[in-house]
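Student: Those sequence lines, one after another, are chains A and B. Under the working numbering, the residues of the first sequence are numbered 5 to 498, in order. Under the working numbering, the residues of the second sequence are numbered 362 to 776, in order.
Hints in this document: simulated from the structure, not taken from any laboratory. Where is the CB? At the ideal position from N, CA and C, for every residue including glycine. Keep in mind that a hint or two might mislead.
[Unchecked claim] Label-pair restraints from in silico Cβ distances:
#: 1; chain 1: A; residue 1: S197; chain 2: B; residue 2: G465; range: 28 to 36 Å
#: 2; chain 1: B; residue 1: K364; chain 2: A; residue 2: N195; range: 52 to 60 Å
#: 3; chain 1: A; residue 1: T70; chain 2: B; residue 2: S672; range: 51 to 59 Å
[Stated by the list, open to error] Simulated coverage check for chain B against chain A, where a stretch passes if three residues somewhere in it have a Cβ under 8 Å from a Cβ of chain A:
#: 4; segment: 445-458
#: 5; segment: 475-484
#: 6; segment: 530-540
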Amino acid sequence: MITYFPSIYPDELLYSQLARYYQKSGYTSYSQIVENLYDKEKRIRPNIEFVNKFSTEALQIITRNTTMHDVIMNHTMFPYYARFLNKKQRINAYNSLESMSNDYYRVLTIPKNINNEKRYLRYCPLCAEQDRSKYGEAYWHRIHQINDTDICYIHECYLENTNIIISSAESANLIVAEEVIEQNKNAVTCNDSLKIQISKYLIKMLQANLDINIDTSIGKFINSKLENTKYYTVRGGRKDISSFYSDFMDYYKNLKNNRISEAWQLSRIIESRRINTFEICLLAIFLGISSDELIEMKLPKVSKAEAFDNKVIKLYEQGLTRKEIAKQLNISYPSVVAIVGNRYTKSKTEKKNNKSLKNTTSRKPNWEQTDNETLILVKQIIKQLQEDKELKPKKITISLINKMLNLPNGRLEILPKCKREIEKYYESYEVYWAKVIIWAAKNILKDEEKILWYKIRITTGIHKENAIKAIPHLSQFGDNDIVEKVKNALKNVT
Amino acid sequence: MNKIEDIINSMPKMKTGEELKLAMTNLPEYNPDIINKNEAHRLIALSNLYDIYIPSQMSLEIYNKLYLALLRSLQKKSMRKIVIQQQSQNYKAINKIEFNSVIGGSDSFTIIGVSGIGKSTAINNAISLITENHIIEVDDPYTKIIPCIVVQCPFDSSVKGFLLEILRKVDEHLESNYYEKSLRTRATIDALIGAVSQVALNHIGMLIVDEIQNVVNSKNGKSLVGMLTQLINNSGISICMVGTPESTVFFEQAMQLARRSLGLSYNALEYDNYFKEMCEVLLSYQYVKNDINPTESIINWLYQHSSGIISIVISLIHDAQEIAILTGKEFLNIETLNEAYQNRLSLLHNYIQPTIKQNKSKPKKKINNIKIENHKKFQTDDNCNITELVAISKNENIDIVQLLKKNVIVIEVKI
Numbered sequence: 005m006i007t008y009f010p011s012i013y014p015d016e017l018l019y020s021q022l023a024r025y026y027q028k029s030g031y032t033s034y035s036q037i038v039e040n041l042y043d044k045e046k047r048i049r050p051n052i053e054f055v056n057k058f059s060t061e062a063l064q065i066i067t068r069n070t071t072m073h074d075v076i077m078n079h080t081m082f083p084y085y086a087r088f089l090n091k092k093q094r095i096n097a098y099n100s101l102e103s104m105s106n107d108y109y110r111v112l113t114i115p116k117n118i119n120n121e122k123r124y125l126r127y128c129p130l131c132a133e134q135d136r137s138k139y140g141e142a143y144w145h146r147i148h149q150i151n152d153t154d155i156c157y158i159h160e161c162y163l164e165n166t167n168i169i170i171s172s173a174e175s176a177n178l179i180v181a182e183e184v185i186e187q188n189k190n191a192v193t194c195n196d197s198l199k200i201q202i203s204k205y206l207i208k209m210l211q212a213n214l215d216i217n218i219d220t221s222i223g224k225f226i227n228s229k230l231e232n233t234k235y236y237t238v239r240g241g242r243k244d245i246s247s248f249y250s251d252f253m254d255y256y257k258n259l260k261n262n263r264i265s266e267a268w269q270l271s272r273i274i275e276s277r278r279i280n281t282f283e284i285c286l287l288a289i290f291l292g293i294s295s296d297e298l299i300e301m302k303l304p305k306v307s308k309a310e311a312f313d314n315k316v317i318k319l320y321e322q323g324l325t326r327k328e329i330a331k332q333l334n335i336s337y338p339s340v341v342a343i344v345g346n347r348y349t350k351s352k353t354e355k356k357n358n359k360s361l362k363n364t365t366s367r368k369p370n371w372e373q374t375d376n377e378t379l380i381l382v383k384q385i386i387k388q389l390q391e392d393k394e395l396k397p398k399k400i401t402i403s404l405i406n407k408m409l410n411l412p413n414g415r416l417e418i419l420p421k422c423k424r425e426i427e428k429y430y431e432s433y434e435v436y437w438a439k440v441i442i443w444a445a446k447n448i449l450k451d452e453e454k455i456l457w458y459k460i461r462i463t464t465g466i467h468k469e470n471a472i473k474a475i476p477h478l479s480q481f482g483d484n485d486i487v488e489k490v491k492n493a494l495k496n497v498t
Numbered sequence: 362m363n364k365i366e367d368i369i370n371s372m373p374k375m376k377t378g379e380e381l382k383l384a385m386t387n388l389p390e391y392n393p394d395i396i397n398k399n400e401a402h403r404l405i406a407l408s409n410l411y412d413i414y415i416p417s418q419m420s421l422e423i424y425n426k427l428y429l430a431l432l433r434s435l436q437k438k439s440m441r442k443i444v445i446q447q448q449s450q451n452y453k454a455i456n457k458i459e460f461n462s463v464i465g466g467s468d469s470f471t472i473i474g475v476s477g478i479g480k481s482t483a484i485n486n487a488i489s490l491i492t493e494n495h496i497i498e499v500d501d502p503y504t505k506i507i508p509c510i511v512v513q514c515p516f517d518s519s520v521k522g523f524l525l526e527i528l529r530k531v532d533e534h535l536e537s538n539y540y541e542k543s544l545r546t547r548a549t550i551d552a553l554i555g556a557v558s559q560v561a562l563n564h565i566g567m568l569i570v571d572e573i574q575n576v577v578n579s580k581n582g583k584s585l586v587g588m589l590t591q592l593i594n595n596s597g598i599s600i601c602m603v604g605t606p607e608s609t610v611f612f613e614q615a616m617q618l619a620r621r622s623l624g625l626s627y628n629a630l631e632y633d634n635y636f637k638e639m640c641e642v643l644l645s646y647q648y649v650k651n652d653i654n655p656t657e658s659i660i661n662w663l664y665q666h667s668s669g670i671i672s673i674v675i676s677l678i679h680d681a682q683e684i685a686i687l688t689g690k691e692f693l694n695i696e697t698l699n700e701a702y703q704n705r706l707s708l709l710h711n712y713i714q715p716t717i718k719q720n721k722s723k724p725k726k727k728i729n730n731i732k733i734e735n736h737k738k739f740q741t742d743d744n745c746n747i748t749e750l751v752a753i754s755k756n757e758n759i760d761i762v763q764l765l766k767k768n769v770i771v772i773e774v775k776i
């Protein structure tokens, strides 16, 4: 029976409270404590950042004057890792923690240690001094265990490593801060204002209230902020990732632990396909998003693109021609056409209101003129598809271009110039598959991962049989090294 | 949420004067009709005599001493920061790392008195009044404090045995498992001292060590007292050592021992109003059929034959009534009392020394250098000669010195 249990301190790790219980209990060895805390599971290694499966009695004592929700939110690292997950993942992780199962590890975005470097429990010498003065003892603070910063934002000094490794491979024990943290250790002041700013930002992500039911995608939110910057087109439909990446890297050129090294990584963050709290915060700081805004993640009611489209449509309805609109808004003619349609397609407004197009005549359509006008758009679209290296390559076909230009079915079939232009880029399916496979392989290598068939399959959707057919064409799109790796990956499964 | 800083408020108010006396007095119910019941009923009811408690000055002093000692101990526990620092030091002791004492010693005192004068009963009554038999629960930090624990000093003064006994007593009160776990890990004495200090700091208000005289005749006695000193310094609890006067000799050996054992010392009762009042109360619990007349002579006789030791008085009255009921005499008088004294308390005869001295016949040294100048009969005023007096003494089993005193002037010289 547990007859003594210390109260938890502000921002203290649950692990720290349990360690202090062990220290003050009067038991002479760790194994005696395990029986009280973990229901006779002697092999349990206390989880430093989260929770373990506690005995019924231990759980009652821990939540004696509080709730498990409070423990998870204020005394584990959960808010920091879970904040930007999608709703389903976040709730799953939370439920897993609440039920004290280990499933949360599969969901939470806890980055692996770079170069297998070990992580240690850390402390701020000045915080320790303050704790000793106020409480009579030091304890492990959550805010000092955020791996992505080594600054104590309160004292603007560097954190100190202890020799306690944060790892499930280490021997089981509960180590109390008071026994490890040196007395009167001098703190080293940090003079890097950016580091301090980042540190404060990250800690807010840990300490701020987290609504597990929030359903806003972080990518959408970042996008909504990015739309108002120079990195997006006027309409807000396309972004200039290259410039964005370039400026971002320049901003953080002196930040050693910036793990973003390729533009596609930024893209993935914007697409909510790469969830890493530190990287998201770096992005947010760069874009001038305050921590409160990031925590709230409030989306605008109407996206920039939608607002722009509405503006174009409004101008069109007021009687301006497409060219006039393009000139006024400083956008390209095809962009206006894409919104309101050309003279032979119904605009969104017309479709909505079922009105006829302005200036329509009963004259026969001038197909040659249409062909010439549409050819410009076709060339632009093809160029866009070819230049976009981030997204999955598309097979250039008549139906694809037709669809992308919002043309009526079969329209391009009767426009010979457009058709010839598209046919220039014809490629067999085998060649297309080879292109996609190499694209996927390059992306996998960028993530510093091994090329495995299942990863290619997931990314491309290409069946194994088709991939084998594409092998002869791989060398058209990749160097020998990458081609060999892909072949090996395929070999391992055939 | 009650905090450790407010623990003092959980102590009941200290009683004094008549209120205290009334609270400590225990007079079992007595129905005069019992004398009409059969023997079995009366014999069973007779045991109520052992439940009678009338507080004396000793009782009041013991209550005060224990109350203040417990108060001081709880005050120490309410100093949160100091306690936390001491817990850290105790943890170092358990892990055999160099440690200091931060909290400092609390009250340490003795209650010394001859066996049977009512020390343990007074202590138990005082504890019951002070603690109201409940455990103090605190929310911040979560802990349970036993106001008072009584442990017996081991017969062999074994340090380990004593420490384990403390843990066992704590487990008894709190349903914890300190004892079992300490046994299992086979902790060394040093680690055990650290562990018990920690447990005492967390859970014990005051420790009472009974039969402390066991340290006198044991080679481990000094170690045990040294360990108690360490326990006091590392836990901040008050310790009361209870024992008989023979332990005084032990504590006088060294300054540090003497310092730790300052306290209350009691002897057998004087023949005073309290004794007379107590006897009257005891004698009012009548279970024989014939009325008891509590005369001065009976009370005097009781004093003479108990040396003022309460437990013997109670035993005499109880056994005398028991004999009277069993033999059918149904009288409580000098005769039945004497019968009880002779038959039931024979083993105590050598130890009972009433204040009106009955000199034991001590072996007398032969005095060879005193010569009787002439052998003619020593003439007294009453014409009584010494030879005759000696003969009378032998025949009637009377002390010769007393007999001589009646007839001649006798001066006793201590050799």
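Student: Each hint needs a verdict: does it hold in this structure or not?
Tutor: Structure-based check of all given hints:
1. S197/A - G465/B: 28 to 36 Å: Hint violated: Cβ distance 48 Å, outside 28 to 36 Å.
2. K364/B - N195/A: 52 to 60 Å: Given a distance of about 42 Å, which is not inside 52 to 60 Å, the answer is violated.
3. T70/A - S672/B: 51 to 59 Å: 54 Å, holds
4. 445-458: Coverage by chain A holds for the segment 445-458 of chain B (8 residues, Cβ < 8 Å).
5. 475-484: violated (count 0)
6. 530-540: Per the Cβ count (5), the hint holds.
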